[in-house]
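S.K.: Sequence:
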Amino acid sequence: MQTVHFLFLSLRPRQWIKNGFIFLPLVFARQLFDLVHLLASIQAVAVFCALTGAVYLINDYMDREEDRRHPVKRHRPLAAGLISPSLAVGTASGLLILSLLWGISIGMGFFLVLMIYLGVQVLYNLWLRDVVILDVFCVAAGFFLRVIAGAVAINVPVSRWLIICAIFIAMFLILSKRRHEIMVLGKVEAGKHRKVLSQYSAHLLDQMIGVTTGGVLLTYLLYCTSPETVEKFHTENMIYTFPFVLYGIFRYLYLIYQRREGGSPERIILSDIPLLTSVLLWGVFCVLILTGVV
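Numbering (numbering that gives the first Met the number 0), first residue to last: 0 to 293.
Fair warning: there could be bad hints in the mix.
To be verified - Calculated lysine to any residue pairs in the SDA-like style (CA-CA distance at most 20 Å, straight line): (1) Lys17 / Thr2; (2) Lys176 / Arg68; (3) Lys176 / Arg13; (4) Lys17 / Pro84; (5) Lys176 / Asn154; (6) Lys72 / Asp129; (7) Lys194 / His179; (8) Lys231 / Arg68; (9) Lys17 / Val244; (10) Lys194 / Arg128; (11) Lys17 / Ile166.
No lab work stands behind these hints: they were computed from the structure.
Sequences and hints are given; from them, build the entire structure.
M.R.: So, in C-alpha cells, the structure goes:
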C-alpha cells in the first residue's frame with residue numbers, strides 16, 4: 000500500500016489545480032449548469048490529470064539524479080528511492096495510453112490539442128527546458144492549451160483577451176517559481192539543479208514579473224470592458240470582478256517578496272487563506288454576473 004501511496008504522490012495531485020483552466024470556457028460561455036457540457040469538461044479535466052500525471056512521472060524519472068541534490072525535490076518518491084524506476088515508467092506508459100484513448104472519445108479536436116500539449120512537453124524535456132526565456136514560454140503554453148482544450152471539449156469559442164490573460168497569469172506564476180529557486184538555492188546551486196537558471200538573475204526575473212503582472216491586470220481589464228464581452232453577456236458588471244483579481248495578484252506578490260514563497264504556486268493558492276478567498280470570491284461573482292443574478 001505504501002508503494003501505491005508514493006506512486007500517487009508522484010502523479011502530483013496538487014498540480015491538478017492547474018487543470019482548473021479547462022473550466023474557464025465553460026464558465027465564460029455560461030454553460031456551467033448545462034449537464035452535457037459540464038460532464039464533457041469534467042472528462043477533459045480527468046484526461047489532463049492522467050496525461051500530466053504521466054508527464055510528471057517521466058520528468059521525475061529523467062531528473063531523479065538532479066532532484067537528489069535539491070533540498071525539497073530530493074524527497075520526491077522516485078528521487079528518494081521509494082518507488083522503482085521501472086514502476087514509474089510502466090505507470091506513465093499506462094496513463095499515457097489511457098489519456099490518449101480517452102481524448103479520442105471526447106473528440107478529434109480535443110485529441111489534437113492533447114497531442115500538441117504532449118508535443119510541447121516532449122520538446123520541453125528534450126531541449127527547451129535549457130533555453131532561457133523559451134523555457135518559460137513552453138510551460139506557459141501548457142496553460143494556454145488547457146484553455147483551448149476546455150473550449151474545444153464543449154465546442155465553444157473563447158475570447159482572445161481571456162487567452163492572453165491566461166498566458167500572462169501562467170508566466171507570472173512560472174517566473175515567480177524561477178525566482179524562488181534562485182533565492183533559495185543561490186544562482187550557482189540553482190544552475191546545477193536546473194541548467195537554465197544559471198542564465199537568469201533575481202533582478203532580471205523581477206523585471207519580467209513586473210511585465211507579466213501588468214499584462215495580467217491590463218488584459219483582464221480589457222476583457223471585462225470590451226464591447227465583445229458586454230455584447231455577449233448583456234452586462235457591464237464584469238468590471239466588478241476586477242478588484243478580486245487585483246487583490247489576488249498583490250497578495251501573491253506579497254507572498255513572493257515578503258514571505259519568500261513562490262516555489263509551489265498550487266501550495267500557496269490552497270494554503271494561503273486570503274489568496275484562496277479572493278480566488279473563490281472571484282469565481283462566485285463571475286458566475287453570479289454571467290447568470291444574470293447580479
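S.K.: If a hint holds in the structure, say so; if it doesn't, say that too.
M.R.: Results of checking the hints against the structure:
no., hint, verdict
1, Lys17 / Thr2, "violated, 25 Å"
2, Lys176 / Arg68, "holds, 18 Å"
3, Lys176 / Arg13, "holds, 15 Å"
4, Lys17 / Pro84, "violated, 26 Å"
5, Lys176 / Asn154, "violated, 33 Å"
6, Lys72 / Asp129, "holds, 19 Å"
7, Lys194 / His179, "holds, 15 Å"
8, Lys231 / Arg68, "violated, 52 Å"
9, Lys17 / Val244, "holds, 17 Å"
10, Lys194 / Arg128, "holds, 8 Å"
11, Lys17 / Ile166, "holds, 12 Å"
Of the numbered hints given earlier, the model fails hints 1, 4, 5, 8; all others are met.
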